[in-house]
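Sequence lines, in order, name chains A and B.
In terms of our numbering, the first sequence opens at residue 1 and continues consecutively.
In terms of our numbering, the second sequence opens at residue 240 and continues consecutively.
In short, the hints are calculated from the structure, not lab data.
Residues on chain B that point at chain A, a partial pick, calculated with CB under 8 Å: (1) VAL293; (2) CYS296; (3) LEU298; (4) ALA559.
Stretch-level coverage of chain B by chain A, calculated; a stretch enters the list once three of its residues show a Cβ under 8 Å from a Cβ in chain A: (5) 284-292; (6) 299-311; (7) 325-331; (8) 339-348.
Using N, Cα and C, we set each Cβ at its ideal position, and we do this for glycine too.
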Amino acid sequence: MAVSDGWTLALDTAGALTVVGALAPHDGPATERVGEPEARPGRRGGTVHRPRHAEQLLALADDALTATGGAWDRLARVVVGLGPGGFTGIRVAVATGRALALARGATVVGAPTPLAVGPAVGVPRLVVQDARRKELFLTVVAGDDPTAPDPVPWAVPVDGLAAALDGLTVRPTVAVGDAAADHAVTLRAAGIAVPDDPAVHRVDGVALARMGAVRPAADAGAVRPVYVRDADAIRTADR
Amino acid sequence: MSAGPILAIETSCDDTCAAVVTDDGGILSNVISSQGIHDEYGGVVPELAARAHVERCDLVIADALRTAGVGLDDVGRVAVTRGPGLLGALLVGVQAAKAIALARGLPLVAVDHLDGHLLAGTLRPTSFDPPFVALVASGGHTFLSRVDAPDRMTELGATLDDAAGEAIDKGARMLGLPYPGGPHLERLAADGDPFAFDFPVARGVAGMDSSFAGLKTALLYRLRDMDDAERERRRADLAASYQRAVVESLAIRVERALEATGLDRLAVGGGVAANGPLRERLRGLGVAVGIPDRSLCTDNAAMIAAVARFRPPVPTADVATLAPYATGQRAEVVA
Ligand SMILES: [Zn+2]
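The following block holds chain A by itself, in its conformation from the complex (with noise of 0.2 Å):
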């Protein structure tokens, strides 16, 4: 089911690449437009990849929106990936999209990152992603009724992934995520598949449009960004 009357756009910007959906009303056209990060030389050596999300975003909206033959003033809808992942990254998509419905009178709704992370491949999926610092985020993805309450994400430490694992109380079968080749040895030790293709391991714009167009709308206000950690509260005079 699309928004009847206008257009659906989706806007990730959790990880390291900066996506895009839009989707026609009345089930018409869909596209996905995919930004990537910029690799540069690491500090301690290596390529490190910053995200260009400020520099990408709209840009690939604006293109996305006109290649299915829409326009921004017919808007319906605006779907924001709302995390985990990184803090200033989220906070993008989501700044841009209740903006958006703002300037055009749409309709802004959030949905957790995971859910729109590797749909392809099915449930129950866990959902691993790079949280920096060491840790993983990890989100069981059980079902796909729209409808249901949403997965909560939670942090591990990497190494402790295993025990993590250990611990689910719903089996997941597959494992998808930017981080999840990254741990396929431990994955694959606890019986959960990793697969191979690298595109189910991303977040899949078009499915997120798909996934907000028939999510529950609430107040923009509700609509923020899933952290997951805290805010490192260093006060100013002890820095």
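We have chain A already, so just place chain B with the ligand on it with the hints.
Frame of chain A, contents of chain B with the ligand only:
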């Protein structure tokens, strides 16, 4: 330039601000949502500031439009603080401004926050127009500029270490006062003798740069030399003398700037402009002094709109990709 008022957004630090301002400097609304969540940390926590911005930025914008009685159909341009400031905080306002400009087909004007402080007083009802020397002193910045015209400004000097407001906050903290220290220090100082202690004013720093590091250390040593009873007894004197040193330090630089430029007009901005003794001292300089209302001295979006009146919009092709810049960077002034 498009007709219709300017919708301006400012999120460079810990206040979420939006305003609607007419092309001739009339303020239709100036909404400032102070986060009030940083006080217990004794300063702004960048991650907390960014979190608060994202939760309220669109609501503050809607409030500014509603208060102004203006719809997005009426708005002629969107203006936003691009920097300098906290990157994570700026990002929220910049994304919101870009989204509104793009989705409404409106021109977007990127504004430097410091230029905003320099031109805040040009708005009505102050309408204090260049040429002037401008002193901007707040918790985040302290500098002096020569402003010949709204699009022609030169920095004359800046603080070499702490901002004036920061020096006040740190001094207040040493005296056991809560954060933010400005109003508390001023109240305590009112009962003290400003000449009781001779604190340094960095007279030796040449030109129009200022420095507050020595002052801070001097207070620390004074307090260390006192026992508890004396410290308690001399608190008001210490506060008054410390405040006088900050005021004197700024006034010395202002006098040097007025002399160097030959200008006889002084604009004052930034949160420290609310300080009574500073206002009094500067008004005694014998030049025309323009100090806008407090709501235009502290961070606000009306001052961003004030600048946007005199800046060209971002080229349409660059709107979607515009990114903020952090503290320590300064946009090149468009002449
Ligand atoms: Zn400021």
